[in-house]
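Protein sequence lines, in the order shown, are assigned to chains A and B. Just remember that the working numbering sits 2 ahead of the position in the first sequence, which is counted from 1. Just remember that the working numbering sits 333 ahead of the position in the second sequence, which is counted from 1.
It is possible that part of the hints are untrue.
[As the list claims (entries may be wrong)] If you anchor each label on the Cβ, the simulated ranges turn out as follows:
1) B:GLY558 with A:GLU339: 52 to 60 Å
2) A:LYS104 with B:ASN423: 37 to 45 Å
3) A:ARG118 with B:PRO441: 28 to 36 Å
[What the hints assert, rightly or not] Stretches of chain A that chain B covers, calculated by requiring three or more beta carbons in the stretch to come under 8 Å of a beta carbon on chain B:
4) 30–43
5) 73–83
6) 178–191
Since the hints were made in silico from the structure, they are not lab data. For glycine and all other residues, C-beta sits at the position ideal for the given N, C-alpha and C.
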Amino acid sequence: MAKVVLKNVYKIYPGNVVAVKDVNLEIEDKEFVVLVGPSGCGKSTTLRMIAGLEEISSGELYIGDKLMNDVPPKDRDIAMVFQNYALYPHMTVYENMAFGLKLRKVPKDIIDKKVREAARILDIEHLLDRKPKALSGGQRQRVALGRAIVREPKVFLMDEPLSNLDAKLRVQMRTEISKLHKRLNTTFIYVTHDQTEAMTMGTKIVVMKDGVIQQVAPPQEIYEHPANIFVAGFIGSPQMNFIDAKIVKEGDYLYVVFGKVKLLIPEDKAKIIEQKGYVGKDVVFGIRPENIDDSTDFLNAHSNSIIEAKVEVVEHMGAETYLYVVCEGKNITARVEPTSRAKVDDVIRLAIDMNKMHIFDKETELAVC
Amino acid sequence: MSLCDTLQNILKYEMGLYDLNGNLKEGKDVGLKNDEFTYIKLGEDILAIKGKLSRDACNLIEFYYNSFYKKEAADTLQPLEHILKNDVPNESLVGKFINKSVMYIMCPLKCVDILKSIYEGCKVDLVEDEEGFYIVKEVENFEEEAQSIIDELKQEGFSNILIGCGRAVKGSYTIKNSAVHAKISCFLAKNLGYNEGLFHIDKMILYGIISESDASKIDFYLNGGYDGFYYVYKDKELINTAEVLFRCHLNISEASRRLYLHRNTLLYRVEKIKNLTGLDIKKFEEAMVFKTVIAIFNLKGK
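Using the sequences and the accompanying hints, generate a full structural model.
As structure tokens, then:
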């Protein structure tokens with residue numbers, strides 16, 4: 003079992019600088035957990051505490067069932083993969099992969115077996131006799147992963163391992179690492195600032211900000227039900243539109259109102275909003291760009307939530323088009339069909355799928371529904 | 334028998350010994366400008382050999398030359414540890430350890446076994462001192478090699494590893510110079526607030542100059558400007574913004590993505606730094622000055 007548990011973990015640096023604040027996290031065996039957040043949010047510090055490279059100021063860390071706070075890193079049964087994927091230039095691929103085991107005085111025949119098995123998994127058997135300078139970027143990445151695999155750790159820790167790669171290789175390696183997780187069937191903890199990496203690779207995402215966990219959930223849940231405005235804005239590209247609005251009740255119906263715009267709130271969401279006492283209150287209305295469209299079918303399907311907006315910028319992305327529009331003085335981004343005929347300076351009609359709307363408390367920024 | 338005659342009998346190559354002005358002193362005038370020849374600097378002389386020799390052969394010739402001329406052969410035999418740790422005159426080292434560089438690894442002394450394992454079977458000298466290890470070798474790719482060592486030591490649970498590197502020995506730049514540069518790079522990095530990483534002397538020149546410079550001269554230039562810089566220096570948010578912007582090569586879009594800030598928020602902070610310090614850190618030259626002043630604060634404890 004390689005369950006990783008952090009209980010009330012803090013990291014406080016001298017000068018009372020709190021880098022990680024009261025982190026509580028349960029990572030199940032064989033999960034692929036991604037810690038994501040902007041620079042300085044505490045994700046790398048959390049990973050380094052799990053690795054044992056940073057002391058835990060207070061709280062408890064368990065790997066398996068064992069308390070690890072005072073266990074030296076080499077005895078934690080973990081393997082780390084870092085940003086640089088550095089290899090020893092004077093060693094062959096085989097020697098690079100074998101080195102960690104050699105250091106642990108593992109018998110030669112076992113080293114050989116493990117290295118060849120890892121090379122087979124990574125499809126680099128034919129490279130074992132080469133020196134790193136004779137390898138391509140992608141091959142070097144695989145060798146560096148191989149160095150971690152041969153240790154057969156309970157947990158893999160990866161700290162922004164793709165951030166030094168160009169965009170093309172990054173996409174390729176993203177897939178490779180996901181495949182590797184499936185093949186090795188072990189626990190992966192992965193740190194990135196890139197929300198696309200988090201969404202595509204993780205079975206569970208931990209969003210962090212200012213040393214505090216904002217939300218822990220599977221990618222789709224994070225996307226569909228963000229816990230607060232930060233998570234809603236951080237996950238998704240282009241990011242969610244946020245509009246200051248008011249909840250107004252007319253008869254049996256609730257509406258989101260901003261300027262002259264009045265959008266009918268679906269019954270199920272209206273019920274929650276009313277129960278939580280937000281009628282008549284100022285809120286933040288959130289809607290993702292893909293839930294706003296100008297196609298005839300979409301307009302017909304959402305005839306109760308149509309806005310008029312002036313197009314400021316049109317970005318043709320090929321498979322889709324981004325419209326940057328202004329409505330009632332608010333900037334809104336819509337992701338529409340590439341067939342859209344909207345042009346700059348046009349005043350167009352856009353429908354909003356209110357079933358996908360989000361309401362956030364204006365003060366606490368927490369999700370209401 | 335002259336030096337050239339003796340060596341020619343052994344090596345079967347024609348050769349000539351020249352002074353540093355190119356005047357033939359003994360042997361045959363084979364010339365000094367042929368890519369196919371081997372040239373060895375021997376004290377104040379150059380030995381030109383009509384053929385390609387291995388480095389080991391060159392070292393032997395050098396040793397033989399010193400013995401032959403009854404120069405201080407003891408210099409050649411000085412253990413590396415003695416050279417690196419003591420005040421050895423540069424002159425006695427010129428021409429030795431050609432192309433080798435020194436890496437200084439600031440780490441716990443417990444790391445010795447790992448370092449020895451890394452270089453097992455390689456021609457590498459490892460010398461220990463109070464704060465770490467000197468590694469003397471031909472360094473092909475300092476960044477990769479040093480990063481591998483840091484990663485390896487981290488895997489084994491050693492954090493806060495700093496590695497400095499001197500330049501390769503060449504001409505009058507000796508192994509001792511390289512060692513001093515390697516170690517000083519580590520100390521400068523430490524004083525700049527780094528707790529991990531690789532630092533080649535080439536990238537530390539400016540910081541070295543600041544560190545050595547007269548505080549009153551620095552005061553002269555910063556006089557009247559301290560308050561603004563000090564405010565920025567103490568503001569974690571502004572310093573982090575500047576650091577990320579520098580890491581993103583002054584690319585505002587990339588830095589705002591990394592910081593998860595709206596572009597305009599980042600620009601607002603950059604403007605705030607400008608108002609406080611007078612420097613627009615979006616511009617390379619001004620960013621460089623900003624970084625330098627922050628380094629002064631770190632190195633001089635302002």
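Violations among the numbered hints: Going through the list in order, the structure violates hint 6 alone and respects the others.
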